[in-house]
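**Q** With chain Z held as given, fit chains B and G onto it using these hints.
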Amino acid sequence: MNIWEKMLNVDRRWIFLAIGVVSIIPFLIGVGMPITTTAEVESIFNFVNELDKNDAMFISFDYAPGTQAENTPMGVAVMRHAFHNNVPVFITSYFPLGHGMAIGALAYVTNPSIPGFYQHVSFEEWEVFRSAGITDKDELVAAWENDGNVLPEGARGWVFEGRDFAMLGYAPLFHLVILGMTASIEAQYPQDVNGNLLNEMPMLLEHKSLREISLALTTAGSSACRAWIVYGREKVGVPIAFGVTAVMATDYFPYIQSGQIIGQMGGLRGAAEYEVLLAQNEITETTDKAFTGMDVQSAAHILIILLIIMGNIAFFAGGFHKKTAVKGRG
Amino acid sequence: MKRTVPLMIVLVGGLLMMIQYFIPHQYSQAVFNSYTEWAPIVGAFALILGVGSLTRVHSHKIRRKVKNWQFSWAVLIPLFAMPFLGIIWPQSLWGGMDEPSIFHFLFMHIQVPIQSTMFSLLAFYIASAAFRAFRAKSALATVLLLAAVIVMLGQVPIGEMFGRWLPETGLWILRYPNLAAKRAIMLGVGFGILATNLKIIFGVERNWLGGAGK
Amino acid sequence: MYETIGIWVGAFFTLAIYSFLYKENPVYRLAEHLVVGISLGYTMAITWHVTLMPRLIEPLASGNHWILLVPALLGLLYITRFIPGIAWLSRYPIAFLMGTAMGVGFPLTMKTDVLRQLEAAMIPFYQSGMPWQVVFGNIVLIFGTLAALIYFFFSKPHKGLFFGTGSKIGIWVIMLGFGATFGFTVMGRISLLIGRIQYLLGDWLHIIE
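Residue numbers (the numbering used here), protein chains in the order written: chain Z, 1 to 330; chain B, 1 to 214; chain G, 1 to 209.
The hints are simulated quantities; they were obtained by calculation from the structure and are not laboratory data. Each hint should be verified, as a subset may be incorrect.
Claimed, not checked - Here are the computed lysine to any residue pairs in the SDA-like style, where the Cα-Cα straight-line distance is at most 20 Å:
no.	chain 1	residue 1	chain 2	residue 2
1	Z	K53	Z	R211
2	G	K168	B	A141
3	B	K199	B	T4
4	G	K156	B	L187
5	Z	K208	Z	D55
6	Z	K323	B	A136
7	G	K23	B	Y125
8	G	K168	B	A136
9	Z	K53	Z	A187
10	G	K111	B	L198
11	G	K111	Z	I256
12	Z	K6	Z	F16
What the hints assert, rightly or not - Sample of chain B residues facing chain Z (criterion: CB under 10 Å; computed from the structure):
no.	residue
13	G43
14	M108
15	F124
We put the beta carbon where it would ideally sit given N, CA and C, even for glycine.
Chain Z with its partners taken away, still in its complex shape (with noise of 0.2 Å):
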């Protein structure tokens, strides 16, 4: 056995020690290098920036955990961008793993131990206020802050439940459900995850259906991001942003460029764009996860090249491309 031909047998667990390193120092000296955003992130991040109060939009986690790492940074950040452009958003998920992804997500968003938050007013609190007409956003933030209520330091604004956003989760064909939304939201979902009536909500008597919807986000992890298309978009036209994990997004270009997506975020750089862009913009105070991930991204890719060059050398060195197989171990 010559040189080149241990080289391609050796054991695999050291390529697997080598990635686990390369993971680990990165973060360890935290380099922070700079990324450049591209215009498939902008133009959700532009769109999102021209909502209101007046708008409303969907947020969706068609996840599982398994490429939570991917997608939930995008929903995190589209979230807060909302929130503080104060756009109630719709909270849905395509599957029912999705539905705890979501529910986190929001807690994640609204943790007061994570700076930045926003402080999470449920449905029964401002019950009252709600009973005495105060529905606009601006109107019942002053109301609230009247009453006393003092928004925790380190908040960056209060989100009131059903006014700011609504958690319906999953339901079941969810592909049958986005498109019984184009006719009612209510009738899809006539309660939120909480037991709350939608019909009791402002944001649901202000925005009844998929049609007076501004934007639908959603964050996928397999195709199911595409019924968002096809049943939400061609029937009644709402504009949809995709938030695919990096292994999808090259199937979706052809949407961007025939105008049936906005943009997409695609994997973590996806996100990382996002969260810079909120950071410029001063939307949030620094970058998250995301961002903070992509040091150690750049040194993986290098060594995956790295052991790309290598397997060739040994490979051509060997002169294995004249033989018919190489033993080899996984």
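**A** Chains B and G only, in chain Z's frame:
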């Protein structure tokens, strides 16, 4: 009754739904709206199939004491404990009012870490595959390899250190040749889906009937 | 306390799965089985809370929506799958959902994946002020799509100027596309690992923020 009626249901249901798209009259819309309210209810019961099959497979393993049968308890216990904890007994760990329930705990702190980590194992295997299988054996394979390397470098911040041309070239590949290839595949798949839809509606494709009686 | 215990449990199972990289072992197998049971159990509970209760049981209990018994009974027919002799009844709910889904999906899929794509492929190569790389890109886009379609067209032999050359160009375009997909796949897989490292080093060990 066993085959003809289901095939008729498919035919009538399929044609009705197609017609309502082209004739959005108030009556067809009323049918359509009722359908979108009913379908998720029917769909919810499909869980019975999953739960029934999983229970049958794992209880069979336990009864027959097949190899590694003990692990089947790790499927069956949470399978029934989760709905119990989520529906009948939604208690928190120590009964505190502000603490999320045990149901929530099991999902967030067992399900989520396990599933996320399982998917992340692929990072290790793709690195190993890159070393062992990704060869520039022909001109076409070399094109594939070069496109992959340019896109990989172009997508990460370190790629910019080689100059703006690298990420720009990566984006150009994504926006033009990649788009052309993916659109051709999309058209092919699209026609495939349409053909399958028609075959199922008109009863040409019947595999979905399964083997539950002739 | 709740969070701390949760994170320790999560870290244990994360390491249990990673132990597979060294060797298959019983702790990994336990985690693998747990995930199946919990996910389906979770789905049952969520479906009860967000679908069956608000859409079926509460409206039925209110006494005004007896018509909902129709989808309920149709859905219950799934149970017959496990009853020998009447298992064929489970075909009814499947037929209802499948037929209607096919009918609903047909015109919308036609629009999404065929008509809109054909329309978007009909673009001008050049417009005033376009940079050269966009013009070149548009040419690649239009002829590349056509060539890739020719490559996938197997009803005619790939010979001659149109089918022969077309399919050759098509495979080059497809390879560029697959190369891009491979690059993105690597990116995606590494991202998932990054998520777990952030969990272990940040949430669990507090070494990083």
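**Q** Evaluate each hint against the coordinates.
**A** Structure-based check of each hint:
1. Z/K53 <-> Z/R211: Since the Cα atoms of Z/K53 and Z/R211 sit roughly 17 Å apart, the hinted pair holds (cutoff 20 Å).
2. G/K168 <-> B/A141: holds, 14 Å
3. B/K199 <-> B/T4: holds, 15 Å
4. G/K156 <-> B/L187: holds, 18 Å
5. Z/K208 <-> Z/D55: holds, 12 Å
6. Z/K323 <-> B/A136: holds, 15 Å
7. G/K23 <-> B/Y125: The hint holds at about 14 Å.
8. G/K168 <-> B/A136: holds, 18 Å
9. Z/K53 <-> Z/A187: violated, 23 Å
10. G/K111 <-> B/L198: holds, 16 Å
11. G/K111 <-> Z/I256: holds, 15 Å
12. Z/K6 <-> Z/F16: Holds, because 17 Å separates the two Cα atoms, which is no more than 20 Å.
13. G43: At 4 Å from the nearest chain Z Cβ, B/G43 passes the 10 Å test, so the hint holds.
14. M108: This hint holds: B/M108 lies near chain Z, its Cβ roughly 7 Å from the closest one there, short of 10 Å.
15. F124: holds, 5 Å
Comparing the model with each numbered hint stated earlier shows that hint 9 is the single one that does not hold.
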